[in-house]
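Peer 1: The lines below spell out each chain.
Protein chains: 2
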Amino acid sequence: MARWEPDSRGRLERAALALYGERGFENTTVAEIAARAGLTERTFFRHFADKREVLFWGAGTLQELLVGAIAGAPESASPLAAVTAALEAAGTVFQERRESARQRQIVIAANAELRERELIKLASLASALADGLRRRGVNDPAATLCAEAGIAVFKVAFERWVNETNLREFSQVIRESLDELKAVTAEARS
Amino acid sequence: MARWEPDSRGRLERAALALYGERGFENTTVAEIAARAGLTERTFFRHFADKREVLFWGAGTLQELLVGAIAGAPESASPLAAVTAALEAAGTVFQERRESARQRQIVIAANAELRERELIKLASLASALADGLRRRGVNDPAATLCAEAGIAVFKVAFERWVNETNLREFSQVIRESLDELKAVTAEARS
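Residue numbers (our numbering), protein chains in the order written: chain P, 1 to 190; chain Z, 1 to 190.
Keep in mind the hints are simulated off the structure, nothing from the lab. The structure presented is a predicted model; accordingly, all values stated were derived computationally and were not measured. One or more hints might be untrue.
As the list makes no split between identical chains, a pair holds if one copy fits it or if it spans any two.
Stated by the list, open to error - Derived lysine-lysine pairs resembling DSS-like cross-links, with alpha carbons at most 30 Å apart: (1) Lys182 with Lys121; (2) Lys182 with Lys51; (3) Lys182 with Lys155; (4) Lys121 with Lys155; (5) Lys51 with Lys155; (6) Lys51 with Lys121.
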């Protein structure tokens with residue numbers, strides 16, 4: 001079965017998500033993922049370093065996309081508007097992958113180690129956004145606060161979007177969550 | 001049963017922070033910490049489960065303090081104002097421990113595993129704040145957004161405060177950081 005297999009990466013990913021959902025991430029082996037996909041373990045390891053990477057390989061791409069969108073935002077855009085533009089750009093990519101994003105979310109929520117890894121991923125994205133803002137001339141603490149607030153909006157919007165039944169666009173949920181953030185910060189009296 | 005040693009916990013903590021700073025967290029042993037404090041390893045393990053706990057034992061206390069302050073905020077307080085009141089309450093506790101907070105921060109920044117642990121601690125605090133807001137009748141996503149924004153403010157304020165040379169009050173730095181957050185969110189045009 002070593003012959004070329006069309007879309008072997010996608011098949012492995014779908015098989016892994018299905019198995020993680022059925023029996024839990026910790027109880028699934030690479031051999032089982034490969035078997036479910038009708039492929040060999042060797043093929044699995046040509047695409048992924050380990051079974052965790054199936055869930056996190058997209059982080060680097062997502063970061064590049066966010067950083068690129070921050071850099072490409074109009075010069076006149078405020079720091080948070082630049083962050084929002086970046087999140088919306090990411091949103092359009094997720095839009096086509098909603099079902100696998102939802103499955104992935106369930107798997108991660110069920111496993112403490114994966115939840116920690118996801119937190120670390122989000123913190124890296126926040127750092128990358130803050131760096132992107134600094135390259136636009138935004139000083140600290142504004143750069144860090146915007147980046148952290150942006151990632152908080154992204155997290156909240158993501159959870160709403162993947163669990164919603166009315167299938168709105170992710171970028172719309174991001175804009176709504178940002179408006180909520182504006183509303184709660186505007187209300188604060190300290 | 002070794003004889004009673006006055007302030008053995010504080011002595012162990014100071015010895016550990018000094019050693020972590022001098023030779024790195026990963027290169028310090030419990031035996032060395034105990035020796036530096038003039039105490040036994042047995043005494044160390046009466047106070048701390050391991051050398052990492054010296055850096056994280058305060059998380060539970062901090063969480064209780066934040067949750068208590070959220071619950072105790074005036075009924076009229078907006079969600080973010082309740083979070084701010086909680087952060088300021090925490091700030092007054094940190095105020096007396098600035099030098100050890102600064103040392104701790106340096107040790108954590110130098111070690112990837114500790115940075116991850118700190119992220120997880122902050123995420124737990126954000127969850128606890130969001131739960132506290134829900135108990136005040138705040139719905140989601142406002143509860144989650146306020147809590148996440150509050151922790152972002154806390155993180156930024158903490159880093160400024162421990163590294164400042166002009167020794168302002170932590171609670172003042174928190175208020176300023178919150179004002180910065182309000183300014184950046186008010187400016188956003190999406």
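Peer 1: Evaluate each hint against the coordinates.
Peer 2: Status of the hints after comparison with the structure:
| no. | hint | result |
| --- | --- | --- |
| 1 | Lys182 with Lys121 | both (25 Å within a copy, 26 Å between copies) |
| 2 | Lys182 with Lys51 | neither (39 Å within a copy, 42 Å between copies) |
| 3 | Lys182 with Lys155 | both (16 Å within a copy, 20 Å between copies) |
| 4 | Lys121 with Lys155 | both (12 Å within a copy, 17 Å between copies) |
| 5 | Lys51 with Lys155 | within (23 Å within a copy, 33 Å between copies) |
| 6 | Lys51 with Lys121 | both (17 Å within a copy, 26 Å between copies) |
Violation of the numbered hints given earlier is confined to hint 2; every other hint is satisfied by the structure.
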